[in-house]
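Next come the chains, spelled out residue by residue.
2 protein chains.
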Amino acid sequence: MSWNSSAGDGALHIVGGTLVNVFTGETYCADVLCRRGLIAEVMPAGSATAPGQASLDARGLYVLPGLINGHMHVESSMVTPAEYACTVLPHGTTCAVADPHEIANVLGAAGVRSLMSSARSAVCDFRFTAPSCVPATAMETAGASLGAAELEALLEDPAVVALGEMMNFPGVVRRDPGILAKIAAAGRVGKPVDGHAPGLTGTDLNAYVAAGVSSEHEATTLCEAREKMRLGMWLMVREGSAARNLAALLPLARDTGGERMMFVTDDRHPDDLLAAGELDEVLRLAVAGGLDPVAAVRMATLNPAAYFGLDDRGVVAPGRIADLWLVRDLAGFETEAVVKSGRLVYSGGRWVGEPEGIRAGVTAGAGGTGQANSVHLPQDLSGLLRVPPRSGRARVIGIVPGQIVTRNLALEVCLDGAGSLGPAGREVSKIAVIERHGRRGSVGVGLVSGLGLAGPGAIASTVAHDSHNLIVAGSSDREMIVAAEALGECGGGFAVVRDGVVSALLPLPYAGLMSRRPVADVARGIAAVNAAARELGCELESPMMALSFLALPVIPELKLTDLGLFDVAAFRHVPLWIG
Amino acid sequence: MSWNSSAGDGALHIVGGTLVNVFTGETYCADVLCRRGLIAEVMPAGSATAPGQASLDARGLYVLPGLINGHMHVESSMVTPAEYACTVLPHGTTCAVADPHEIANVLGAAGVRSLMSSARSAVCDFRFTAPSCVPATAMETAGASLGAAELEALLEDPAVVALGEMMNFPGVVRRDPGILAKIAAAGRVGKPVDGHAPGLTGTDLNAYVAAGVSSEHEATTLCEAREKMRLGMWLMVREGSAARNLAALLPLARDTGGERMMFVTDDRHPDDLLAAGELDEVLRLAVAGGLDPVAAVRMATLNPAAYFGLDDRGVVAPGRIADLWLVRDLAGFETEAVVKSGRLVYSGGRWVGEPEGIRAGVTAGAGGTGQANSVHLPQDLSGLLRVPPRSGRARVIGIVPGQIVTRNLALEVCLDGAGSLGPAGREVSKIAVIERHGRRGSVGVGLVSGLGLAGPGAIASTVAHDSHNLIVAGSSDREMIVAAEALGECGGGFAVVRDGVVSALLPLPYAGLMSRRPVADVARGIAAVNAAARELGCELESPMMALSFLALPVIPELKLTDLGLFDVAAFRHVPLWIG
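If you read the sequences in order, they're chains H and P. Per the numbering used here, the first sequence starts with residue 1409, numbered consecutively. Per the numbering used here, the second sequence starts with residue 1409, numbered consecutively.
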């Protein structure tokens, strides 16, 4: 590909490429003229290049619309929106619809606005959904709460394109007025409501759809996905780092041509973004699985644009934003170049022009709210963690390796006054969830089996779904306090303590969820804390991720929140000791 | 089909039918529960009927969404919206998007609002587009003018779903600020802009699309349609009474599966509506032409709903308006029943329940503005029609039978002081366009060849595209004045005068364009005036329609407006006499 940058008027003429037309499903030779950031003309191949226009020789390349990720959480990447954009633009993504559910649970509407503000400096465009379920549950203390009024204010922002994933499907089905008010707020501004209803079926699913929920990304089986599509839901096929539904749902896309379906990543972690890519990986897998390549491209361009009413993008047509992805073929989808808003920004494996400018937003990071330390630990941690010495039968959270469900175990343990577990120490550890939003100062204390912390030490995290309190497990109260205080000082993240000193620390100072470092540094940092945790004896593949899900009280069987142990089956808090 | 009307709670359970699922393209057995006007549930066949619910046995029938006509002019049917609805609902149409371009040219925004108000009593739902080109040209005097401010006010009405057909494509292409302001007004309220650009191609078409025009219904060839679709325009396949484009464009629908395409009727006349139907006829023709039946149904349901953002209809899904069309098969599309807003209103060839109520709006007709006589003839018609006696070479409008183009003829004629043409009388008639909106009182006078008015008489019409002035042709000024005054008295319509007396009259008192009578009466009335015109010697198939297009100054070659003869090629007014 040759690049003639002689132009001075900001026009860019992409000549000789093969256009992937997502409107008609055709591929054919066409030239694309970009001007003032928009596509000005799409003309039959061979139209003369007007003098003074920069021209890009696209012979041998396919010209696609830039990809749109219809559902993702920036927070899962643990980097800022600007850094996320720098990571995925080379993979063809030029727009992402981010659900800021995690930061909202920590910092509320101000956190959402901080993320939105931070995203403005990114090389990709971000659009947002207004998080519908903050707090996620009443069984824990979140940093904030978003009611219908706050959501309505967010929904009026042009950058907010939908009400975010409506996880409280029982509330929708039983027509809870507070929940319906949130849906009505989206309706008033004509924006759709994203769904989140794993396994919902039959009459309840009908009620959920009738209430106004219009998409779904939690379907995991063909049968579930088909029932949801038949009732009119737009189907987001999720291919995240952990939850991967493409293989199961691909037959439906093949049957329907992918209409009213789109590809999304939901949660992708730093290492996965670096190693596998983003939507480009999903396209590769989909085409390898037998889906027509143009249908696959539509599922990551025209379809999300149509669903979210993003009329200004997702297609190669006059008047739309000139976001283009040039690839060598429609199987490997290997990036040759990316044009963002009419400007060639990435070509031949490197940034074009001003890479410093492009990455400028990365270290600058977040706006005002995100700059402050969001970790507010209660006074007298030592007293709050203390449990009177006792031997007997206790409720213990049993980790199941590789899953987010846990077991509700009943084990004989002997706990001393310093938080040590005596002979059971290698098998069972003390664990605590410390409210860190400066609201209640509450601490829940419990026991966990399966972390395998053998030596004296502790692991701690401020990433703890969904309220993101500080969760810490360790061999003694003293080790746990050192880990918690290390995170309190650096504004949150992951910490490992060994023999009373911090052996590994990944600061995530932006809301205690995200770093302001490049994604490669963050991936290395995660690897380092996990390695340090394994040095304590933990044999889990990803100790920090396992820890971060132990406070999620909607997933069976036994979880711990800042308000205490929670028995999910009984749907109530329970005491540590049995009898 | 059996109908158990024992229910008292307004619920209707349609059991045992075969659902046409426009989301997935499938057909399968399913039960549909309607409640409070909406679809409450779509469940697998065999779900039990809850006690007290009226049930409709739909075994052996297909259950489709009610049809949506995405582009039509009520005025072309010459009846009120309520009567139009009564005419087409038995053909499966439950919603029509009406462009009130004709009444707007007569009565302006008040006329549009009158039509909208009148439509509220109809058994179908009407949505409207805001007429973008009023007046249509500067070469004639329309009754009103709609600027960007008036259009913006209309566009804010929830019943207005788009800016109406943007016929002034030269103005868009050259970026006329007044035209762009109208498009911007639609953009501000997030509503699409309907196009109207016959033959536009290449760079000009790119500019038209880039300006924000998003659909087109004027494509007549496959090549033209494909170019427009490739650039992202939604393609309306028009099958009107005169303009019929289905046969030419059907291959494109077969290729693309009909995505982003829809069926519309634009202009359908009363006799055609009665004899052939409406969208149901288009579906029959499309399926007979090889289009997949479900794809065809989508083009008249889901697709127009998607294009216009009508999220509340066009599909059989929970929460949507329960508008359903039950047919015996997907080839003949013969209506068995129609459910409107959850109520069975038509079944087995007749209205159900209160037919008087259903048709109530028909004779009530229009609201305030529409009640007044809109025909305001100037004083001293006799003086205004008078042309000094002269013999010589004159410009004569040459009618081409069956077409709306005319010839610009130069003929030797001899005109006496009474408006008679002496020996040329059978071949050439005097014709006048009389400004009838009470604005300028202007009268244009000319000569026409091909009407064939042999005996003493005249024919007149207040339907005269696009400004709908009164157009009259006759053997003498006296006969012409009798015809014009007959229309002035009855509020407009069609009149035929023979030997100085009215021999046939069809009053169209609603804006001089529409009747308040049933469509069958109007069809008979049109037949009667055409027959009376033929008794004067006219050999055209539809003399009144031929007359109504002689004042349209955008169609070549020679036309007459209230401001005089207009040479379309030269694009200027020209004198009657040559030299």
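FYI, nobody ran anything at the bench for these hints, they're computed from the structure. Keep in mind that a hint or two might mislead.
According to the in silico footprint, chain P covers these stretches of chain H (three or more CB under 8 Å from chain P) [as the list claims (entries may be wrong)]:
no.	region
1	1426-1435
2	1606-1615
3	1632-1639
Using N, Cα and C, we set each Cβ at its ideal position, and we do this for glycine too.
For this structure, which hints from the list above don't hold up?
none
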